[in-house]
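Read in order, the letters of the sequence shown are residues 45 to 697 in our numbering.
These are computed hints drawn from the structure, not numbers from a lab.
One or more hints might be untrue.
[Claimed, not checked] SDA-like cross-link-like pairs, simulated, lysine to any residue; straight-line CA separation at most 20 angstroms:
{"no.": "1", "residue 1": "K204", "residue 2": "F229"}
{"no.": "2", "residue 1": "K419", "residue 2": "D292"}
{"no.": "3", "residue 1": "K238", "residue 2": "G144"}
{"no.": "4", "residue 1": "K238", "residue 2": "N281"}
{"no.": "5", "residue 1": "K204", "residue 2": "G106"}
{"no.": "6", "residue 1": "K511", "residue 2": "N431"}
{"no.": "7", "residue 1": "K220", "residue 2": "D292"}
{"no.": "8", "residue 1": "K392", "residue 2": "N431"}
{"no.": "9", "residue 1": "K238", "residue 2": "A164"}
{"no.": "10", "residue 1": "K392", "residue 2": "T485"}
{"no.": "11", "residue 1": "K359", "residue 2": "Q370"}
{"no.": "12", "residue 1": "K238", "residue 2": "N205"}
[To be verified] For each label pair, taking beta carbons as the anchor points, the in silico distance ranges come out as:
{"no.": "13", "residue 1": "F593", "residue 2": "P302", "range": "54 to 62 angstroms"}
{"no.": "14", "residue 1": "F270", "residue 2": "N505", "range": "38 to 46 angstroms"}
{"no.": "15", "residue 1": "N516", "residue 2": "N539", "range": "41 to 49 angstroms"}
A quick note: this is a predicted structure, and the numbers were derived from the prediction, not measured.
Backbone N, C-alpha and C define an ideal beta-carbon position, used for all residues, glycine too.
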Amino acid sequence: MKNASAETKELAVSISSLNSDRSRNCRTSLEQQNPGDLLSDSSSIGGNAENGGEISLSTTAGNITTGDLFSSSDSSSSNGNAKNGGEITLSTTAGNITTGDIFSFSVSTSGNVGNGGDIALDAQDGDIIGTDSRTFSSVSISGAETGKAGTGGNITLKAKNNITDIEIFTLSSDSKSGTVQVEGFGDLSLTNIKLITSKQVTIENPITREEINIDVSGRGQSGDVFINGLGNLTFNNSRIESDTKGSDSAGNVTITSPGMIIFENNSNIKTNTSSTGEAGIINISAGEGINITGANSGLFAQTSNQGKAGNIIIKSPLLTLQYNAQISTSTTNIGNAGEVNLNANKFKITNGATVQTNTFSSGEAGNITLNILDKDSESFILLEGNNSGIFASTEPGSTGNGGSIFIDPVTMIIRDGAGIAASSQGSGEGGNIDIEIGTLTLDNTAFISTETATNQGGNINLNIQDKLFLRNNSQISATAGTASAGGDGGNITINAPFILAIPSENSDITANAFTGNGGRISLTAQGILGIEPRLRLTSFSDITASSRFGLVGIVEINTPDISPNQGLTQLPQIDKQVELAKGCEADDGEETVAFFNIGRGGLPPTPQEPLGSETIIAPWIPLLSELEQTSQEEDTTEVGREIKPLSPPCREN
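Could you build all of it, start to finish, from the sequences and the hints given here?
The following block contains the structure:
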């Protein structure tokens, strides 16, 4: 069918008479009419329903425009079963697809059901457009507690540049939801998209117009989501959700592209568990970079029950988070927050953006790892702006422990109120921070912290190949008892060639405590400048492990053994024969110059020899002019041996 277009009228539908079980079968017939709403339904109000029919539209040289498309098998009988929803396929090789709602479902209010049908829209050289935020849905739902259900159908969308204004969900009340796959054949933008693989749903039967309300709490497993691009991928005001309310895991979300992947304008991905099942994994890989921008934009893996929050994995040469964007895993119950594993060469986290794992309850905060993909690259991490940073922390009122953070770039700059923290604001312990780095700079109230409110401070380990530079009220802290409570200060270990600060800028390294004991600070460096140990904090740059009411901690400063003779060259002690100019001779044939290696007035000792006392210092030998002014008297000076009178000056021939 060429350039198929749709009007709002309904296609001709042949309806058989009611069967003995009060069911009816409906099949769509296209014939010569323009396609409007296409209905293919097997519906029963008093017995079992048969399969929904298939709907297929294709063209090789034009657009496809339709109204609503339905293929269903549904029974509202008290003991009726339903079979499979039919498949729905739209395909054009050289045009756009514009459509209304698309449903394929198998539903029974009290019996068993089959599978939801697959839905496939293929516009490889065009766009897929939903009119007025339409819904694409494939479900298999039984309203009975003991009712068996098949899988939700798979939903596949293929487009070149745009997929817009569509809500997509696939669901099964007893088995696994279908897989959602989105493929882009150019620079694909997903705009105003909601993609959900588990939810409470309300479905309207297209024939009877009855609403079927189904809540699948505690049953069913979310499907997986795959989004693949051949160019750039842009998510604009789009949302992907995968959750579980039972013992099965939520579905995973996987996104890949050889170009840039961009999340903007409230675009986000969420995986969640509210039961014993684990939340799904978010895995994103880009060939050029990943950019997440704006408040409410981000990646979220959450648990509100026993199940573990899912992990977040990113692989990209460049990762940019800005303007309050987030990458976050969290727990509000006994389940642990997930892990965050970021792999890139360059990280930029600015303007209030965060990478974080949190616990609000007894579960543990997750760990965060920032790995450098190419160890030979000029890798760097920039954390900039108030509230920006990397956090594996516990929130007030929680009892879980903070997570750990590991980072290994060549250069890292933290400035303007940004920071790294594995702290605890609840009653749990702070986590650990391990950084392997070339150069680390903290500037303008930047911080690295494993502070705790009431428990043992966490540990900070910094292995630095070049230098650590603290500026303008920056802090490295493993202080405990910030809520005026107990807990010993944590441990801080820093290995660096140089640790530098400005004395008057009040940048501190602290492992203090309130009622507990001070922690331990161990610094190993060739040079520590501008910051020094003190018994308590001052307005200068300090190193402290003090305690208000407990024992003072330990501050160790280790300077590697450096020999003062290292690098010195051994000079020869063999006298060189004095060479004189040929232009003149001494009158009496004697040498005109002599040198005496005696005392400290002569050659100094070698670097390996001790200095001798200044017992004899030889003065300079007087000039002949001075001798002539003293009545030509001989002048001799005792310096341990006789010094002969100077020869008269040379005379010209």
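To see whether the hints hold, each was checked on the structure:
Of the pairs offered as hints, the one joining K204 and F229 holds, with about 4 angstroms between alpha carbons and a cut-off of 20 angstroms not exceeded. At most 20 angstroms may separate the alpha-carbon atoms for a hinted pair to count; K419 and D292 exceed this at roughly 39 angstroms. Distance check on the hinted pair: K238 and G144 sit about 15 angstroms apart at the alpha-carbon level, within 20 angstroms; holds. Proximity of K238 to N281 is assessed by CA-CA distance (about 9 angstroms); at most 20 angstroms being required, the pair is judged to hold.
Annotation: proposed proximity of K204 to G106 holds, straight-line Cα distance about 15 angstroms (limit 20 angstroms). Proximity of K511 to N431 is assessed by CA-CA distance (about 25 angstroms); at most 20 angstroms being required, the pair is judged violated. Between K220 and D292 the CA atoms are separated by roughly 9 angstroms; this keeps the pair inside 20 angstroms, and the hint holds. Taking the CA atoms of K392 and N431, the gap is near 14 angstroms; set against the 20 angstroms cutoff, the hint holds.
A hinted pair counts as satisfied when its Cα atoms are at most 20 angstroms apart, and K238 with A164 qualifies at roughly 17 angstroms. With a C-alpha separation of about 15 angstroms, the suggested pair K392 and T485 falls inside the 20 angstroms cut-off, and the hint holds. For the suggested pair K359 and Q370, the alpha carbons sit about 16 angstroms apart, so the restraint of at most 20 angstroms is met. For a cut-off of 20 angstroms, the pair hint linking K238 to N205 stands: about 18 angstroms separates their Cα positions.
Between F593 and P302 the beta carbons are some 60 angstroms apart, a value that agrees with the proposed interval 54 to 62 angstroms. Between F270 and N505 the C-beta distance comes to about 39 angstroms, which sits within the given range of 38 to 46 angstroms. In this structure the supplied range 41 to 49 angstroms is violated for N516 paired with N539, their Cβ-Cβ distance being about 24 angstroms.
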